[in-house]
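There are 2 protein chains.
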Amino acid sequence: MSDHESPVHVLSTEECWDFLRANEFGRLAFHLAGEVHLVPINYAVDRQRLVFLTAEGDKLLGVSMNSDVAFETDLVTEERATSVVVRGSARELEGSEKYVVEQLPLRPWVNTPKYSAVAIEPVEVTGRRFDLSRPWLHDRPTGAR
Amino acid sequence: MSDHESPVHVLSTEECWDFLRANEFGRLAFHLAGEVHLVPINYAVDRQRLVFLTAEGDKLLGVSMNSDVAFETDLVTEERATSVVVRGSARELEGSEKYVVEQLPLRPWVNTPKYSAVAIEPVEVTGRRFDLSRPWLHDRPTGAR
Chain A
41 MSDHESPVHV LSTEECWDFL RANEFGRLAF HLAGEVHLVP INYAVDRQRL
91 VFLTAEGDKL LGVSMNSDVA FETDLVTEER ATSVVVRGSA RELEGSEKYV
141 VEQLPLRPWV NTPKYSAVAI EPVEVTGRRF DLSRPWLHDR PTGAR
Chain B
41 MSDHESPVHV LSTEECWDFL RANEFGRLAF HLAGEVHLVP INYAVDRQRL
91 VFLTAEGDKL LGVSMNSDVA FETDLVTEER ATSVVVRGSA RELEGSEKYV
141 VEQLPLRPWV NTPKYSAVAI EPVEVTGRRF DLSRPWLHDR PTGAR
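Top line first, the protein sequences correspond to chains A and B. All residue numbers for the first sequence refer to the numbering used here, where the first residue is 41 and numbers rise by one. All residue numbers for the second sequence refer to the numbering used here, where the first residue is 41 and numbers rise by one.
A portion of the hints provided could be inaccurate.
Repeated chains share a single entry, so a pair holds when one copy, or any two copies, can fit it.
Lysine to aspartate or glutamate pairs mimicking EDC-like chemistry, simulated, CA-CA at most 20 angstroms apart [said to hold, decoys possible]:
| # | residue 1 | residue 2 |
| --- | --- | --- |
| 1 | Lys138 | Glu164 |
| 2 | Lys154 | Asp171 |
| 3 | Lys154 | Glu45 |
| 4 | Lys138 | Asp114 |
| 5 | Lys138 | Glu161 |
| 6 | Lys138 | Glu64 |
None of these hints come from the bench; they were simulated from the model.
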């Protein structure tokens, strides 16, 4: 990286969706009684929306009272960090809508009962890639150079 | 893991802080104009609070208008996922309070200008560890057994 280049790169919408499809774990931020809450979730991409499973609880109560949510997934390697954020509207899938779940690679990591499917319809999808400058990773003796 | 054990383990407060201290990357959820927003951040633990640096922008505007925030950091390995969430109140550090930053292992990964220090005073710290059951990772021929 030259000093003249910014270390922050904005991803195109297509790159964001590629990244979303390549991952299955992220975090959901939602409103609950005027507070912001944040939980890890497994998700899958269904066309241009995200779908996740959940049991009765805060997530479902929260999105039923205020559908405004934000979702983030990221990947950090030694040289770069990539983060994609989806802001949108969440709602529980009802009746036959739920069958879409069976067609998705939605594989909960943990075998706890999860009865409800929730879809996030995006309002805004943004992504950034950061070239990492972590000099302390290179604080090693470099020999006689 | 026996079938009788829950795959979800609640971490003690001490385990949560150990985990927070062992990491430096997480995500901040905050309110902005009635919406919930979510961004990746680098952070450090300062005694019983979190500190991060930020430039002027949405994060700073958001927490100055509504200090209610949630923070999450996690680590996923093949066998388990650990996630710690801090709910609390964020405020910009002013004047001499900012000098604490120089004592912290707060190492932004990206060399973009960051002028403000923000502290998150926890209201609630919770953590969970999930024993992962990802059978598709084990969908391999097992020989003649």
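Status of each hint after checking the structure:
For the identical chains of this complex, Lys138 and Glu164 are neighbours neither inside a copy (24 angstroms) nor across copies (34 angstroms), given an alpha-carbon limit of 20 angstroms. For the homomeric pair Lys154 and Asp171, the shortest alpha-carbon distance between copies (16 angstroms) is at most 20 angstroms, but the shortest distance inside one copy (38 angstroms) is not. For the homomeric pair Lys154 and Glu45, the shortest alpha-carbon distance between copies (17 angstroms) is at most 20 angstroms, but the shortest distance inside one copy (46 angstroms) is not. Within a single copy, Lys138 and Asp114 get their C-alpha atoms no closer than 27 angstroms, and across copies no closer than 29 angstroms, so neither meets the 20 angstroms cut-off.
When the C-alpha separation of Lys138 and Glu161 is checked against a cutoff of 20 angstroms, the pair qualifies only within one copy, where the shortest distance is 15 angstroms, while the shortest distance between copies is 40 angstroms. Taking the shortest alpha-carbon separations for Lys138 and Glu64, only the intra-copy value of 19 angstroms comes in at or below 20 angstroms, while the best inter-copy value is 38 angstroms.
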